[in-house]
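Please arrange chains B and C on chain A, whose structure you already have, making use of the hints.
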Amino acid sequence: MEKKTSKRVFAIGLTLLILALAAAVPVYAPVYTVILITSILMYMIIAVSWTIFSGPTGYISLASAAFFGAGIYTAAILGSAVPLPLVILLGALVSSCLALLVGGLTLRLKGIYFVMFTFGLVELLLHFILWWEVTMCGTTGRVVPPAGNATVFYAMLTILVVLILTVFLIRRSRYGMALQSVGENEEAAAHAGVHVTALKVVIYSVSALFMGAAGAAMATRWTYIDPRIAFNPLISFVPVLMAIFGGIRPIYGPIIGAAIFTYLEEFLITRFPYYYMLIFGIIMVVAILYMPDGLVGLTRRVWKRMSRSRHAHT
Amino acid sequence: MPILEGKGVTRYFGGLAAVSNVDFQVEQGEVLGLIGPNGAGKTTLFNLISAAIVPRSGNITFKGKGITGLKPYQICRMGLARTFQTVKVFGNMPVLDNVLLGAFFGREGYVSPADARATAGDALDFVGLTHTAGALAKDLTLANQKRLEVARALATRPEVLLLDEMMEGLNATEVNRAMELVRMIHEKGITVVMIEHVMKAIMSVCGRIMVLHHGAKIAEGTPQEVAANKTVIEVYFGERADA
Amino acid sequence: MGSCMIVTILDIVISGLLLGGIYAVTAVGLSLQYGVARVLNIAHGEFIMLGAFITFTLYTRLGIDPLISFAICGPVVFAVGFVLYRTLFTRLRNTSPTAGAFEGNSMLACFGLLFIIQNLAILIWGADIKGYSYLAFSVDFWGARFAVNRLVTLGFAVAICLVFYFFLANTRLGKAIRAAAQDPETAGLMGVRINQVLALCFGFGALMAGLGGALISISYKIQPTMGLEYTMIALIVIVLGGLGSIPGSFVGGLVLGLVGSIVTHVEPGLSLVAYYVIFMLLLLIRPTGILGK
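Residue numbers (the numbering used here), protein chains in the order written: chain A, 1 to 314; chain B, 315 to 557; chain C, 558 to 850.
Just chain A, with the same shape it has in the complex (with noise of 0.2 Å):
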């Protein structure tokens, strides 16, 4: 018991230590900086929100696009006429909403149909803003009015805490378990009374609540925003990479993969803008093929192996 105990104050002294650590960037840190670890944040909200639904069902959305480049649009819409705040949880309303959408027209049936149907939002909702815009506005693309750094910055870490919390809880209650059930045998679960069909929409929206929010809150960043900006397919692939690569299973898998892919995309992006994202497509499959628990799973694995050798010699 005393071990579990000084095990938990451990982490909550190291979390709230990285989180004052993380509160002091924008005061100290340079602005080159503040910039690189907000993108961090962004990528971890992202690539986090992806697993809490993808991770557990098996049920691989490649929508994070839509949902961001809905909160992008929402806060391009509003403009400077609203807060900040209410910004962003106007672009998560918008998103989860559109999640509810896609998740009652697909989730009721095979997972295929979800793949299939996600794979092509992005896509689709570019070409009808697109074209919405071209017929009825006569203009393509918003102006943004900018926020400064530290506001963009304390945003997102803002929405990533509250973010991790979210999952934490859900993960400890019986919701989290159903989730898991459902990814185990989804049959099984559905007769042992788990309402499957409205747990996978509900829980799906709270993803995409967050992708929304994150969007809105980073929507300032880029002065000019037009459906191409907004509705990225590469933010649909790199989290999936990220949480891939990093491990699914626990909750700060996805964190380390998006540290290390975010760092990499800009230390490749200034240099070799094509060959980064072919690069990215290369681990991607290399992940599948070798890494199927990520980098945890794999760390665990040599760490296993090593205590293993250690044990040998005695």
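These aren't lab readings, by the way, just hints derived from the structure by calculation.
Treat the numbers as computed from the prediction; the structure is a model and nothing was measured.
Derived list of chain A stretches under chain B, where covered just means 3 residues or more per stretch with a C-beta under 8 Å from a C-beta of chain B: (1) 169-179; (2) 183-196.
Far from chain A, some chain B residues (derived; all Cβ distances over 12 Å): (3) PHE327; (4) VAL519; (5) HIS527.
Reference listing, derived: stretches of chain A covered by chain C, where coverage requires no fewer than 3 residues with Cβ under 8 Å from a Cβ of chain C: (6) 54-67; (7) 125-134; (8) 237-247; (9) 268-278.
Note that the Cβ used here is the ideal one computed from N, Cα and C, for glycine as well.
Leaving out everything else, chains B and C in the frame of chain A:
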């Protein structure tokens, strides 16, 4: 009034009638056996009752209410639970969580964590798996996995329990233990319908038996009546019965 | 006045059949890959793009007639698909614990392939829109002008589908493919070398994509990023036709092509939206599609 009843239940797969115009009544508290050669439609009938699939025609009533068109989770919460022919446990989850799921979700209304834990604990105890509560379900033996499925079903507090080939793949000792478990469930007042190929189990445990062949009901009655039924003998042993 | 209407309708129908023919060819390819080899190849559009660019390069650099370069483009794309299956997807099949896990993993692997192939293409050919002019003259029929390249493309699309149909119905390999589509396990037990057949199926799927791309390049402009949209459309077509039904993909392709042509005539830029509306209606009313079980 029978607790579970079906009239004219029919289901096709492609052009083939898997279940063809079957009428059945299950009285409260009885143990009804469902037998027939492979492909007779027994599991399909279970699937139709538990709403895993939908009938082409006919209707099914449970406790006087029509349940055709309901979803599996609704039927479970009404008090009808089942196990599966191919064991469907949640392999990567602990044994206790497997049963907790049924305790939390298998009943109408809100179930408190304490209440759920108590129900799950009782169910595990009843099937004799308390000592495995922390193990992962996939690490259990087949016999124990089948018991786990029963525990999960019992945690939903069912009035009717459908058991699908619970004894398949078990050795003689395990079969005896399983038969004892069915008797204990019966003693609790739960109505049992069981699909089985192990004849000695069916004959000794069931009060009544229903026989399906090519999707149709061909006989019904007490074990003695069914065993003496000419059509049943023909179906199982072919024309050689006379030779 | 009346003849003007007829001309317009004829124009829409021919454009629709052309588009539909291309959709059908590519969708049949995807249907082979998903329906038989059980790989949801979301990089399908990239194989289409490869076919288009190979044809483009052969014509603009070496002057090889696009209709003849089918014979090069097809086998090349087939080989890429075949090798990919033999290496990547076979390994995934062996390491995935369940069929569902294999479907998920292979789809994700295709996601990675999407970015690999697309960016390789950008590095090789550049990101700009390209095109070439081939048979770009018109003929007059009943007072209407029809672009010859479009008519020829339509003819070839139909021909490809017919050839493929005969192949499936009458050759030993075709019958093995149909057996594997129905029931891979039984087919394997009956002596069909299932791994080989699945790899060939995937390869043939890629081949159809490549040929579809070649056809596209004759009549339309091409770009390394063109693949995504064609993948989306192929996905909708196979749902429309019925998952697992190869003839369904053919019918679905034609139907969707006609719809696209009509919508483009009324409101260009909304064709993709119209396709998705159809997708949503299918999901709501009849997910099994036209010819699905």
